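Trainee: Below are the chains, spelled out letter by letter.
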Amino acid sequence: MSLHRVLTGAPRSTPATYREHIAQFGELPRTLDITKELLSSGLTGHGGAAFPTGKKVELLKNQRHGVQFLVVNAMEGEPASIKDRVLLSTNPHLVIDGAVALANTLDADQVIVCVPRDRPKLAAIVQRAIDERPTRARRDARIELQTPPGRYVAGEESALVHWLNDKETLPQYRPTRPAILTIGRSATLVDNAETCAHVALIARYGAEWFRQVGTTHRPGTTVVTVSGAAKPAVTEVPYGTPIIDIIRECGVINDPQAFLLAGFGGVWIDGAEAHRGFDDDSLRPIKATTGAGIVVALPLNACGIRETARIVRWMAGESARQCGPCAFGLPALADDLELLASGRRAEQTLSRLQSRASVIEGRGACRHPDGVVRLVRSALEVFATDVVRHANGNPCLHAQSTVVHVPVTQREEELEWQ
Amino acid sequence: MAMRKRGASFRLVVDPVRCDGYGHCHELAPELVTLDEWGYPIITANASPGNDRELMRSAQLAVRGCPRMALVIERISPQ
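Respectively, the protein sequence lines represent chains A and B. The numbering of the first sequence is our numbering, which starts it at 1 and goes up by one. The numbering of the second sequence is our numbering, which starts it at 1 and goes up by one.
Everything labelled a hint here was simulated from the structure, so no lab data went into it. Note that this is a predicted model, so its numbers are computed, not measured. Among the clues, some could well be false.
If we take Cβ atoms under 8 Å as the criterion, some of the chain B residues that face chain A in the derived model are [stated by the list, open to error]: (1) 15; (2) 16; (3) 19; (4) 36; (5) 38; (6) 40; (7) 63; (8) 67.
Backbone N, C-alpha and C fix where the C-beta goes; we use that ideal spot for every residue, glycine too.
Bound-form chain A, shown alone (with noise of 0.2 Å):
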């Protein structure tokens, strides 16, 4: 079922050393350019948005000050995500030479590994990768680590950028999109680190290799997450898996009442769904992605209204409180969502929490507040008979049991941006 490429060698105690990888994989080509490789592969990002690696790779190329930097998002800050820790403790340099593969094609001198600093055994590992690689040959690019705060925003790429640039994690205000990422002067290409990997093995091994498995839209594997109803675990299996076939082998044995698709941000879909396949094609009429290769398992021993006001009441404390819609509205949503799963004056709760999510859409600098409401409305849609039965006044029956691992807010005066 599970197909691993990236993570080849997986589960391994100790990540693989540059000899170990080299005997795994072979040496990455001295290809100049991958861009075409990377088009016809039909790769797209890992990260979440799931843009073409390939139309990104040539947005870049065409800019007039060249590009220098190459950042690889190692962040991870959705909480429902554990997948690019796995992959940077098993194949660091997959990552690694993927990263440099695209440097070399954009002609970029510098690698940006920016891994966050609560994750000193991750930023061990990637430091250790980084001294272990032969020196390097004139032309490659120059390798770093950078450590940001580990905010959820802050693996957002503008965040990150602005970090880089100013070190200060807050999303940027873009309203043109695409938008051209800049340190200094210099365009910037972010990539999430799966994604590099990805972009490692489709150089060596090129992109109809990379077609063999998949969908025709969404070619290759993805590396998922499941938690919830099991102990958080990491898979690889192709894009079109369903979604039952990835659980049952991340040790979910009973069949869950709902599914977090995409993560914190994204949405929840239906028990009953679990037979549609993990890509975003047979996810589309169902309003749903694979975000970052996110399975959250809900059990039918659970509220799903009251796991969802947990996320919102974390995802408000993780905004930037840059953008009002934002900083008022998200902790706006958790009280109605609260108040709802209490069952107190739960029916002008909901039309009041419904008309919120509609006027805060939209009105943030970056995603953060749509991913938000995106996740309020679909819960209010799965679990409609739950709010049914709430808004006439009855409580959660599950009230005291929750699922989902939401960590704890930090309280104001701790939270980091610098």
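Given the coordinates of chain A, assemble chain B onto it according to the supplied hints.
Mentor: Frame of chain A, contents of chain B only:
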């Protein structure tokens, strides 16, 4: 084509990072801006100076009146 003959379309745009919710834009251009329950602006209509000079004047007032310089008038590129 018809659009172009009447002149380009414009709209009022808020930079949400700059905006601190002073609400002056709503005072100056109530026909273009309403406020949400937290006092932050919601742009309600497009200002097309080709057909409406009054709207454009309001939009300009709102832009000049914003203490945070968070508003701009943006040309809508014809699709």
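Trainee: Hint by hint, say whether it matches the structure.
Mentor: Comparing the hints with the structure gives:
Interface hint status for residue 15/B: upheld, as the beta-carbon distance to the closest one in chain A is roughly 5 Å, under 8 Å. Because the beta carbon of residue 16/B sits about 4 Å from the nearest beta carbon in chain A, less than 8 Å, this interface hint is met. Hint status for residue 19/B relative to chain A: holds, with the closest Cβ pair at about 6 Å, below 8 Å. Nearest Cβ of chain A to the Cβ of residue 36/B: about 5 Å, under the 8 Å cut. The hint holds.
Evaluation of the residue 38/B hint against chain A yields a held restraint, the C-beta minimum of about 4 Å falling below 8 Å. With a cut of 8 Å, the hint placing residue 40/B at the interface with chain A holds, because the nearest CB-to-CB distance is about 4 Å. Checking residue 63/B against chain A by beta carbon gives a least distance of about 15 Å; that is not within 8 Å, so the hint is violated. The interface hint given for residue 67/B is broken, as the beta carbon of that residue sits about 15 Å from the closest beta carbon of chain A, more than 8 Å.
Of the numbered hints listed earlier, those contradicted by the structure are 7, 8.
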